[in-house]
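Trainee: Each chain, letter by letter, is given below.
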Amino acid sequence: MKKLLGAALAATMLTSLAQAAEVKIGFVTTLTTGAAVIGKDQEKAVNLAIEHMGGKMGDLDINLIFADDGFKPETGKQVTDKLVKQDNVDIVAGYIWSHVLLASRKSVLDAGKFLITANAGPGPVAGKLCHENFFSSSWQNDETPMAMGEVLNQKGVKSIYIIAPNYAAGKGMVAGVKRTFKGEIMGTDMTTWPTQLDFSAELAKAKASGAEGLFVFYPGKAGGAFMKQYQQAGLKDSLPLYTTFTVDALSLPKFQAADFTDVLGSQFTQQWDPTIDNAQNKRFVADFRAKHGSYPSFYAAQAYDSIFLIKSAVEAVGGDLTNMDGMRAAMKSASYPSVRGEYTYGNNHMPIQAYYLREVVKDSDGNWTTKIVQTVYDAHQDIYAKDCALK
Amino acid sequence: MDYTLLFVQVLNGLQLGLLLFLVASGLTLVFGILDFVNLAHGSIYMIGAFICASLTFVLGNFLWAVLVALPLTGLVGYAVELLVARRLYDKDHLDHVLGTFGLLLVLDTLAHMIWGPAGITVPLPAWLDGQIELFEGANIPVFRLLIIGTGLAVAAGLFWLVNYTRLGMLIRAGASNRTMVSALGIDIQTLFALVFALGAMLAGLAGMLISPITGATIGMGGQIIITAFVVIIIGGIGSMKGAFIAAVLIGLIDTLGRSFLDSLFELVMSENAAETAAPAVSAMMIYILMAIILAVKPQGLFPPKVR
Amino acid sequence: MKNMTKTSWATLICMVVLAVFPPYFLLHGQAFYMDLATRLVILGIAAVSLNLILGYGGMVSFGHAAFIGLGAYAVGIPSHHATWGGFDLIASYNGLFQLALAIVIAAVFALITGAISLRTKGVYFIMITMAFSQMAFFLFQSLDVYNGDDGLTIDVRSEFPFINLDSPMQLYGLSYGSLVAAMLLVKTIVNSRFGMVLQGAKDNNERMVTLGYNTYFYRLTAYVISGTMCGYAGFLLGNFTTFISPDMMHWTRSGELMFMVILGGASTALGPILGSSVFILMEEILSSFTIFWHLPFGLMLIGLVLFVRGGLMGLLKGKGK
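So the protein sequences, as listed, match chains A, B and C.
Be aware that the first sequence starts at 1, since it is given in the numbering used here, and climbs by one per residue.
Be aware that the second sequence starts at 1001, since it is given in the numbering used here, and climbs by one per residue.
Be aware that the third sequence starts at 2001, since it is given in the numbering used here, and climbs by one per residue.
It is possible that part of the hints are untrue.
With a straight-line cut-off of 30 Å between C-alpha atoms, the simulated BS3-like cross-links for lysine-lysine are [what the hints assert, rightly or not]:
no., chain 1, residue 1, chain 2, residue 2
1, A, Lys155, A, Lys182
2, B, Lys1091, C, Lys2317
3, C, Lys2187, B, Lys1241
4, B, Lys1091, C, Lys2187
5, B, Lys1091, C, Lys2006
6, B, Lys1241, C, Lys2121
7, A, Lys128, A, Lys155
8, B, Lys1297, C, Lys2121
9, A, Lys386, A, Lys182
10, C, Lys2317, C, Lys2006
11, C, Lys2006, B, Lys1297
12, C, Lys2121, B, Lys1091
Note that these hints are calculated values from the structure, not bench results.
All figures in this text were calculated on a predicted structure; none of them were measured in a lab.
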């Protein structure tokens, strides 16, 4: 206990010494469990962003603290509390998982600090729980599957079967695709998350349903498992697969190593792609690849953006972090160079942005990556914005 | 009723059940004979999967990898017995739980450090990667049939081992009376180590067989261990027959629950309500089953004769 | 004071440290350590309650987290409805009402599951209690009204006449006082005739039955008392974290509670507190050094089991070998 006390006192002294010369950012992501592969990718992107900034936002040094949510809402809230109360960060960013964000948001916002989500976008935070100090550098959960629903309509798919995990984001995805898809839903299976990785029963049901297409959402390792079983079940011709957030730059190298060619040509919707043509994205993708030997994932892209979004706010107020109104206005204008290209913010501080259809292809060196096939939405706003009291 | 779908789901359930049996059989052996509660059994399952996955890329073929990985996993089991488990036998169950939980954390973290968090996708040879049409509309992945075949073969082998060999006699004797076995002048230490390594190989085999389906991933052990415990508790601790029946029962109940519960529920409630209630109830079913069985038969379906 | 044993001294020191340091930290702007201590004390209550049946009664419950969850939801659900409307019958911020709800629900759940579980013994008991808690876990996971898996945020804490739980100091005071009360309660029970029968049944059930005691009834009563206390801990935890999710009831949480008790030393008064303190502090300290903190943590657990008898209290009493 004495040591703890000493450490605490030392920490207090250090903070008071270092104050004002730096901007302190907490970044909550997943660094343990199988989902750590996503957190690691975000960590790489955040570090690259800081490197690209030369370690500074305006005149302030960047002090970035990573925290591990252990893939659990409760742990996520605990580390968030620690960042806010102990490390006294100025801004908290990150959050891969919707339920972790929902558990943690109050700790940050009640302390009067900014919260930037770099991935999770559950409906409530865009609607009735929206907050003036909350911003997203990603999307609202329902939007990407809504774009996929449009794609299905355009392709003339008459009926689909849906399989998704039974948690916040899974439900959002299902709601999203149901909202825009005009055909018939032949059935919906919600599986136990995150433990269930064997989908034999669900695939057999999907096949027996006679649907023309299969829509799934399985982020992280479950995505790899699902794709593999889909291929083993031999459904590619009879039940084409449409996914969101299931195939990503993290799973593609694994698929390539296992020579799992069925994945080539599969399509999914997203707000970003490594081939998007702007200076910021080119630099991000090129440097990320040079440094880590792999393409960045969309998780990485959003994390990279979140740091640049913060930078634009810090610089707009000349490093005066007490000027929260100024920082808020700067972020709201979304005037930073985003890797996805230009976008704007809605009243609820969720991006109004383009969504694309991506396809898995081989690049010129034979690496498996993606390219954009078409633009589904030019500037799409989530449907929860109307429930948000902010102007 | 769609009988083709029912048939396919029964096969899926059987496959899940046999996989569970592989894990549970080792657990029930160790529990029955050594009276040792091993929470780290699931970690061996995971390590088996990772060793096999790595070897698949080195050797270029999944089946060769399994053959080499099996004895290696047995060695890991032997090492665990030698270093930790052996020293815990004479302590009580609570100490077993605490110690093997520590072991579970250590093994899982080591796997994370060695193989990274991403997990490994395991490729299958082309002839195993396809499907067979058993009859009109019933396409079954070949690999799942292989799991069923392997599971049944191992079950038969274990049945023979337990009932018709000297080792089996000792195992049966040990499950009901440990002192008697040592009184027979058997080197109990070697017998124990052997049983432990055998259990590890069985769990490892299960991990290897599932890895081409779900991939080898961190934390896969922690998920299966509780289900495996449910299996051996329902079956009766130490009973191979009980473990087999309980494993297949649970495999079928779980799979059929996931398949048909929502349609069943739709008969009495709205489609939306059924869609939400069904996954929860099907996840609950194995626990409900266990509670009912224990309420009626407090020592499981096939209780050990002497305890 | 001269005839105080080493253990009583340790208890006294431990309780004084818990009484003095956390408020000191809070007053010196280190709110986080206060949080840590509050969590530790609340889980300490749960561990003390588990120790009553696990340590003294020989009933190893692997499902105690269910009671924590039930207690927490007894705060969350009425508060949720009071904030967002619906279910007027229970919609309320009233702390006394929520507390009563937590206690009644935990007691009823304990009575029903205990009545069935106590038909079994040993490992079967461990597993059947786990099964019941998993059922509660999946039940709450499926309740979409309360956000299922995503959990419930408590916007308004329980309102009491004289205490303001929004004040970290008062919440800690209540938790600390409750911990002391829980320890005294368990001590009283253990030293009573009831407690003697309970411990007698643990050592030799047949003998107690021959002596004419209905041990099943004694065990069930102890189980209900323990479950209710644990539900109370859940009530506090819900008010502390202001976030409740089914995850609180998961079997791994029950496992953690068990480890706290065994780690500290089962069937000792101080063991559960020591266990929960070391567990939470180690978790906090180790995880701040490395993401691979499970490795040293696991090694520590193994080492403790291998080299020390009776957990940390065993170490204190010098029972190492």
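Trainee: State for each hint whether it applies.
Mentor: Hints, verified against the model:
no. : hint                   : verdict
1   : A/Lys155 to A/Lys182   : 12 Å, holds
2   : B/Lys1091 to C/Lys2317 : 19 Å, holds
3   : C/Lys2187 to B/Lys1241 : 46 Å, violated
4   : B/Lys1091 to C/Lys2187 : 27 Å, holds
5   : B/Lys1091 to C/Lys2006 : 26 Å, holds
6   : B/Lys1241 to C/Lys2121 : 22 Å, holds
7   : A/Lys128 to A/Lys155   : 35 Å, violated
8   : B/Lys1297 to C/Lys2121 : 11 Å, holds
9   : A/Lys386 to A/Lys182   : 23 Å, holds
10  : C/Lys2317 to C/Lys2006 : 7 Å, holds
11  : C/Lys2006 to B/Lys1297 : 46 Å, violated
12  : C/Lys2121 to B/Lys1091 : 18 Å, holds
Checked against the numbered hints above, the structure violates hints 3, 7, 11; every other hint is satisfied.
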